[in-house]
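Participant: All chains should be built: construct the whole structure from the sequences, respecting the hints.
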Amino acid sequence: EETSRAQVNSLSHISFSRFYGLNLEIHDEFDKAEKVTLNVSIWVLKGTVSLIDYNILEEGTSGFKESNILGQGGFGCVYSATLENNISAAVKKLDCANEDAAKEFKSEVEILSKLQHPNIISLLGYSTNDTARFIVYELMPNVSLESHLHGSSQGSAITWPMRMKIALDVTRGLEYLHEHCHPAIIHRDLKSSNILLDSNFNAKISDFGLAVVDGPKNKNHKLSGTVGYVAPEYLLNGQLTEKSDVYAFGVVLLELLLGKKPVEKLAPGECQSIITWAMPYLTDRTKLPSVIDPAIKDTMDLKHLYQVAAVAILCVQPEPSYRPLITDVLHSLIPLVPMELGGTLKTIKCASMDHC
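Add 18 to a position in the sequence shown, counting from 1, and you land on the number used in this note's numbering.
Derived from the structure by calculation, the hints contain no laboratory data. Fair warning: this is a prediction, and the values are worked out from it, not measured in the lab. Quick reminder that beta carbons are idealized off the backbone N, C-alpha and C, glycines included. Any given hint could turn out to be false.
Cβ pair distances, simulated, as ranges [claimed, not checked]:
1) 105 to 175: 24 to 30 Å
2) 118 to 353: 38 to 44 Å
3) 216 to 290: 20 to 26 Å
4) 312 to 353: 23 to 29 Å
5) 147 to 174: 40 to 46 Å
6) 105 to 312: 20 to 26 Å
7) 83 to 336: 33 to 39 Å
8) 303 to 256: 17 to 23 Å
Facilitator: Structure, rendered in structure tokens:
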């Protein structure tokens, strides 16, 4: 085990290009997006986001009918809804009596009300009644990345170019949170089920209930997140930085590459992480093609495959200082995405919010 750990740590000193003998360029001639300033000391529900009448949500979800349920989380369900003017929406219903749910509601509405980016889910409004709180988002017709990779279709609906486009979309969303929001936002729960896909399979990061704004870096935070995506330094000592999101993104990238869940059950009470299982294959280019998701096997340029593997390895390094910045990850993925799917060196400008 110690030998294996040493081998993994040594990879962090190897550049993308040296790792697989590729001639990769890191581009820095990007347009600078305007920074968005967040002032979360003020409770944002005082007019900066729409308060939606509860009766509209009840009617739009057919009385929160079971057949309208899109998904279920720890604190409640998400329902599909058709609102006034035939607007399609997703409504998250949170239990009012649960203190953690109340905190997540406040945090998510507070943060999302100040964000505007093509790869971040859009907040349409909120509502409350005596027993629950509701967050209303744009509806994403192709649901989550998790449902495509690990559902009944087993990834057959998303091709290699589409997977690279989804990865690029997520890095753009994370770069916006880390580099263009002031102070930076750490998502803290990035995972395939929180990456939602619109009708054209554009990816958007969702679920900001655990997000941290301007958290004191290198200090302890109450452990939150999802097993398989949580960075080791956060799991062991509560150290939370933007590199924690980079680690989680590396796990998502492995899911896209291998089609496996972040944690696989081997036997009752015995599990194995995708990182532990995949590392021997990721570090050997002769073995790597044999473990690629069968749905996309033999459909990509091998050089592109090796490059994505190299990026994933660096993102999931045990030592956070060895992981790349999300901006570097973004720049390395852009050349792998066809221009018509968004593979361009020009970043998308993010609008500055007047109230920030």
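Participant: Give a verdict on every hint.
Facilitator: Do the hints match the structure? See the list:
1. 105 to 175: 24 to 30 Å: holds, 26 Å
2. 118 to 353: 38 to 44 Å: holds, 42 Å
3. 216 to 290: 20 to 26 Å: violated, 33 Å
4. 312 to 353: 23 to 29 Å: Distance hint for residue 312, residue 353 holds at roughly 26 Å.
5. 147 to 174: 40 to 46 Å: holds, 42 Å
6. 105 to 312: 20 to 26 Å: About 39 Å separates the Cβ atoms of residue 105 and residue 312, which means 20 to 26 Å is violated.
7. 83 to 336: 33 to 39 Å: Since the Cβ atoms of residue 83 and residue 336 sit about 46 Å apart, the hinted range of 33 to 39 Å is violated.
8. 303 to 256: 17 to 23 Å: violated, 37 Å
In this structure, the earlier hints numbered 3, 6, 7 and 8 are contradicted, and the remaining ones agree with it.
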